[in-house]
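*Asks:* One-letter residues, chain by chain:
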Amino acid sequence: MNAINDTFLKLKNAGEKGLVVYLTAGDPDFKSSLSYLRAAADGGADILEVGVPFSDPTADGPTIEAASRRALAGGMNVRKALELVHELQKTHSTPVVLFGYYNPFFRYGQTSLWKDARAAGVDGFLVVDLPYEEAGVAIDEMRKEGLCWIPLAAPTSGIGRIREFDRAGSGFMYLISVTGVTGVRDMFPPEMLSWSGKVKSAVTLPLAVGFGISTPEMARQAVRHADAAIVGSACVKIVERDGRSSRGPARLCQFVRSLKSALR
Amino acid sequence: MRKNRAIRLPDDMGHFGPFGGRYVAETLMSALIELEKAYKAAKRDTAFRRELGAQLQDYAGRPTPVYFAQRLTEKGGGARIFLKREDLAHTGSHKINNTLGQGLLARRMGKSRIIAETGAGQHGVATATVCARMGIPCEVYMGEEDVRRQALNVFRMRLLGARVSPVVSGSRTLKDAMNEALRDWVTNVRTTYYLIGSTAGPHPYPMMVRDFQSVIGREAIRQFRKATGGLPSAVGACVGGGSNAMGIFYDFIQHPKVRLFGVEAAGKGLSSGKHGATIARGKVGVLHGSKSYVLQDEGGQILEAYSISAGLDYPGVGPEHAWLKKSGMATYVSVTDTQALEGFDLLSRYEGIQPALESSHAVAYGYALARKMRKSESVLINLSGRGDKDAGILMEQEKASL
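Protein chains in written order, with my numbering: chain A, 1 to 264; chain B, 1 to 402.
Hints may contain errors.
[As the list claims (entries may be wrong)] Taking lysine to any residue pairs in the SDA-like style, the calculated list, with each CA pair at most 20 Å apart, reads:
(1) Lys37/B - Tyr132/A
(2) Lys40/B - Asp11/B
(3) Lys80/A - Asp297/B
Treat the hints as calculated values from the structure; they're not laboratory data.
Chain A with its partners taken away, still in its complex shape (with noise of 0.2 Å):
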């Protein structure tokens, strides 16, 4: 079974929200990186969203653009996020998605990117811009590897497309919280409640919410209709404030910590 699965069947059992944090790999360098992944997962971060930077992330908001800069800069790349994810598998089980755009990863070769993610322990993939339509084949060799497609679901998908997204996906299904770029936001859209409880009731698949969840409060609104809670932007500003500061790594874990006590 896989781990992602697993996961979620746990949290069921133990009546609690799930918290998946996104971090992006190798922001600013391999080594901090792995700290912050790690502190991230001590803190009690269910999932592991791993971001592969890409030059042109044209869904995300200025803050993770600006990590995807500094990640590059410190010469991140496929290959190294799979060498990131395979050092945190030696200490901290916790599930991996890896999370990005779809250039690098057709760069670097489907087929054998499957492979050697499975190999590192990698566990799911969640390609922005890779929509259902164009992921047929992705999908169909993901499952031949155990690895969860996971698929995003956003504001103007409607419930045909969602239902469909809920038969091909494995894992859980992103709920994209507003018609947007990823970024820090005060509060949710009026209608985001409603909407996530209609997708709820339509899909099997567990139902994870992103994109702009910023504070603990945040957190537990979202998950009303939905399983797990996501954090992106959030944790990735205090990577962007400390940097390589070995405090950075501390503070990361508290913050994590009071997102995934809001979700128990």
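Using the hints provided, position chain B relative to the given structure of chain A.
*Replies:* Coordinates of chain B only, in the frame set by chain A:
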């Protein structure tokens, strides 16, 4: 043979052979599907076609002439050189053909705001123009570097009532402007129409922009036949994203005897690493929503393109050009900054026509090609825009060479 292979593309999913498609965030998928449906319905609607035809004629000044460049031909001493005068279209380039079409489509779809990206500013001006005419608010994203080197067009856009938003990320050129326009669209997708100016981007844009620009080739075939009784031996056009080239090539694809040349920007030379020759030096990849050739490093990160002309300074290329290249239906060559400047001078001195620096690339190649050809042959160059906007760059060049 050629007709069957090209004219029916793209397929339903927007693929030109292995290229094209829709590689965008899920948030945009429904908008692209809605756009494709609206476009197909408009295309079938005779009222839409009639309105567009009337506007192309009365507002944009079409048809633009095919002009025999006699003195340039005599200087070259080879094939006869003809120019398709898109520089004479309203706003100074071919871009108006597409912005009129998509502008009418946006209005038909009930969109209350139009955004666009621009490199040289020609597409930005053409979009701002159409928005002014229709009374729709317009925001144009433009890389900060391009804002600097195409200051005249920035001013024109502002005079037309558009908001010009400089983009400070990456190379601060067309690629980054497109990133920012996509970010705006993903945020305001329900109310905003994204008016892409090139044959790039996700399906249906490459098809739709090609269709709106194909008026260039359709007119040119008719005009050339009337003037000479036949077709040109070769057709040349500059290729950045590829809209003017696709526009003139498209109807010629049915005539396999006419050789098609796409001219990319070789910048400071192909081996210098500072160029925009995506087809010559790129590898297959995905950028801005479609699969095509892309200038990228081994890790799949997009490289910064370079050209003296802002409109050719783009690390991607339209997917249909990738297909024409792969299938051998068109040939792609490149011309350096220096050669393009020579092309500009030639046309200025011998014909009294000052082409845009983008179009100067096509002039330089077309002239060199004509010189090697027989006098009985002919070359048709798509003069995609006029050069007023480049006066600042030309002045800088002159100062530097003193």
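*Asks:* All the hints need checking, so say for each whether the structure fits it.
*Replies:* So, going through the hints one by one against the coordinates:
no. : hint               : verdict
1   : Lys37/B - Tyr132/A : holds (19 Å)
2   : Lys40/B - Asp11/B  : holds (13 Å)
3   : Lys80/A - Asp297/B : holds (15 Å)
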